[in-house]
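Asker: Just need the whole structure built from these sequences, with the hints factored in.
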Amino acid sequence: MNWLRHFFRTPEAVAGALILALLAAMALAAPLLFPGDPQAIAGPALLPPFQDWSLPLGTDRLGRDVLAELFHGARTSLAVGLAAAAAALLIGAVVGTLAGFAGGLIDEALMRITDAFQTVPSFLLALAFVSIVGPSLGVVVAAITLGAWTGPARVARAEVLSIRERDYVAGARVIGMHPLEIAFREVLPNALPPVLALSSVIVAAAILTEAALSFLGLGDPNRVTWGGMISEGRTVLRTAPFLSIVPGVALVLTVLGVYLAGEGVVESTAVRRSLS
Amino acid sequence: MSVLTVSSLAKRYRRGGKPFAAVDDVSFEINPAETLAVAGPSGSGKSTIAKLVLRLIEPDAGRIDFEGQDLLALSGATLRAKRAKVQMVFQDPLAAFNPRATVARVLDDPLRTHNIASRADRPRRIAALLERVGLDAGLAARAIHEISGGQRQRVAIARAIATRPSLIVLDEAVSALDVSVRGQILELLLDLQRQERIAYLFISHDLGVIRAVAHRVVILDAGRIAESGDARDVIAKPQSAIGKALVAATPRLIRNRP
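Residue numbers (our numbering), protein chains in the order written: chain A, 1 to 276; chain B, 1 to 258.
Do not take every clue at face value.
[To be verified] Here are some chain B residues pointing at chain A (derived, C-beta under 7 Å):
(1) L56
(2) S75
(3) G76
(4) R80
(5) F90
(6) F97
(7) R100
(8) A104
(9) D109
(10) I116
(11) A117
[Stated by the list, open to error] Straight line, CA to CA, 20 Å or less: simulated EDC-like cross-link-like pairs of lysine to aspartate or glutamate:
(12) B/K82 x A/E108
(13) B/K51 x A/D167
(14) B/K51 x A/E165
(15) B/K18 x B/D60
(16) B/K244 x B/E196
(17) B/K51 x B/D25
(18) B/K85 x B/E29
(19) B/K237 x B/D206
(20) B/K85 x B/E34
[Stated by the list, open to error] Beyond 10 Å from chain A on every Cβ pair, some chain B residues (computed):
(21) E196
(22) Q239
(23) S240
The hints are simulated quantities; they were obtained by calculation from the structure and are not laboratory data.
C-beta atoms are modelled at their ideal positions from N, C-alpha and C, and glycine is treated no differently.
Answerer: So, in structure tokens, the structure goes:
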């Protein structure tokens with residue numbers, strides 16, 4: 001694994017990977033370290049951090065354990081971020097491949113739809129979707145995907161336009177392969193690297209969008225989210241700023257970690273590509 | 001009956017807004033087990049003819065009959081089924097394969113697409129194909145980019161013969177190979193032609209190679225046929241200006257051959 005060595009050569013990538021690993025560990029350990037409902041009352045309300053070591057980060061307005069909420073919130077953020085990014089990349093890659101490979105009317109139609117989605121700000125789109133369908137984890141993921149698939153679609157199309165002129169695509173046609181098989185088996189896998197390079201940006205944006213939706217009260221009410229925690233803390237911002245600061249810092253670190261690790265992967269694969 | 005009959009084929013492109021004829025009123029035919037070479041300088045329309053015959057691009061005018069059937073009338077699934085009979089070997093064997101493919105997958109594609117062998121039977125067929133082109137059957141598991149250029153071109157030939165075609169278009173198929181490998185590949189092609197009675201449309205700019213393998217030759221100039229005839233005769237006594245220029249451009253190869 002040569003690219004792993006390249007990956008760990010840059011300090012930014014290492015920092016990003018560490019943050020992500022910590023986050024993943026938090027998400028995985030949450031039900032073990034904090035079994036039971038994180039939204040249940042655990043102690044006196046508005047306990048400041050570092051006062052009571054059974055509640056290290058204190059409690060919120062309703063007396064819920066902030067640390068437990070933080071850990072469970074990591075689950076939501078990661079789940080939503082990864083699911084939305086995966087869905088956006090999948091839809092984008094398929095739409096872009098079809099448009100680029102088919103050309104003509106299909107290309108025009110698909111790209112005009114892409115344009116239409118791109119002209120509406122993605123956050124407004126998500127907001128409208130969640131307020132119509134109702135807040136639940138799946139709907140939030142779908143809402144974020146709705147605004148995020150256009151980027152991958154454009155990148156995939158551009159890449160497919162160059163790949164479809166290659167000899168091996170002509171070779172597949174000469175063999176008599178079905179056009180759909182050529183598109184998805186021969187062309188799409190080779191068009192993926194630049195599309196996947198977008199994934200860090202999309203995951204980061206998805207986590208932020210989810211937090212923003214939760215902040216506006218449009219997150220899944222049955223789950224702890226960092227956005228919801230910030231929103232809760234906002235009402236007591238002057239007396240208990242830590243309630244907003246703690247999840248806020250977690251959010252910033254997560255987005256930073258995703259972004260740095262993503263950049264590291266892109267850099268190291270770029271090195272690998274130029275070497276081969 | 002001829003394998004391939006091409007009549008009055010024409011293809012125009014636009015270059016800088018002006019229409020320009022890549023192929024203009026080209027007619028020829030190829031008989032079973034015959035090699036017809038298409039020669040000409042760069043841009044004379046050689047590769048365009050290859051793409052037209054393979055239906056990779058559509059002609060503006062003319063007719064292509066393959067084994068007595070109008071090839072241009074076919075489309076969709078019937079065309080894809082017919083493709084088994086007209087195969088191609090590309091110039092650059094690295095560009096001609098999916099960069100992620102293994103040798104086995106490259107040879108599996110035609111067998112699977114045309115239902116030539118059952119899934120269980122295919123590994124055996126792949127091994128047989130590799131041996132037919134003089135490669136070790138153990139090569140099947142290797143990635144395409146791991147094997148040498150000569151081996152890769154042999155795999156390309158194995159892929160082309162997998163569907164038992166009656167015509168193979170060889171578009172500069174030996175031009176990218178070094179001289180020692182080139183001779184072996186040409187030997188393999190001649191051997192296959194003798195045994196399987198495959199016709200070749202041999203596209204090349206190298207008159208030395210054409211003289212060695214082709215029965216007849218067509219010399220193109222700016223999309224039109226400048227002259228055609230028996231390969232040795234044409235190369236020995238070219239009549240057209242472009243034919244003379246091509247022969248003059250490869251003096252050493254001609255002189256070395258008795």
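Asker: A closest beta-carbon separation below 7 Å is what the hint needs, so does B/I116 meet it against chain A?
Answerer: At about 11 Å, which exceeds the 7 Å cut-off, the nearest Cβ of chain A leaves the hint on B/I116 violated.
Asker: For the pair supplied as a hint, B/K244 and B/E196, is the alpha-carbon distance within the 20 Å limit?
Answerer: 35 Å, violated
Asker: Can the restraint linking B/K51 and A/E165 be considered satisfied, given a maximum Cα separation of 20 Å?
Answerer: 13 Å, holds
Asker: At a threshold of 7 Å, is the proposed contact between B/F90 and chain A supported by beta-carbon distances?
Answerer: 5 Å, holds
Asker: B/K51 and A/D167: Cα distance at most 20 Å?
Answerer: 11 Å, holds
Asker: Is the shortest C-beta separation between B/A104 and chain A less than 7 Å?
Answerer: Given a least distance of 15 Å, the restraint on B/A104 is violated.
Asker: A closest beta-carbon separation below 7 Å is what the hint needs, so does B/R100 meet it against chain A?
Answerer: Check passed: Cβ of B/R100 comes within 6 Å of chain A, closer than 7 Å.
Asker: Between B/K82 and A/E108, is the straight-line Cα distance small enough, at 20 Å or below?
Answerer: 31 Å, violated
Asker: Minimum Cβ distance from B/F97 to chain A below 7 Å?
Answerer: 5 Å, holds
Asker: Can we keep the B/L56 interface hint, with Cβ of chain A closer than 7 Å?
Answerer: Status holds, d = 5 Å.
Asker: Between B/K51 and B/D25, is the straight-line Cα distance small enough, at 20 Å or below?
Answerer: Distance of about 16 Å is within 20 Å: holds.
Asker: Checking a non-interface call: every C-beta of chain A should be farther than 10 Å from the C-beta of B/E196. Is that right?
Answerer: It holds; B/E196 is separated from chain A by about 18 Å at its closest Cβ, greater than 10 Å.
Comparing the model with each earlier hint shows violations of hints 2, 3, 8, 10, 11, 12 and 16; every other hint is respected.
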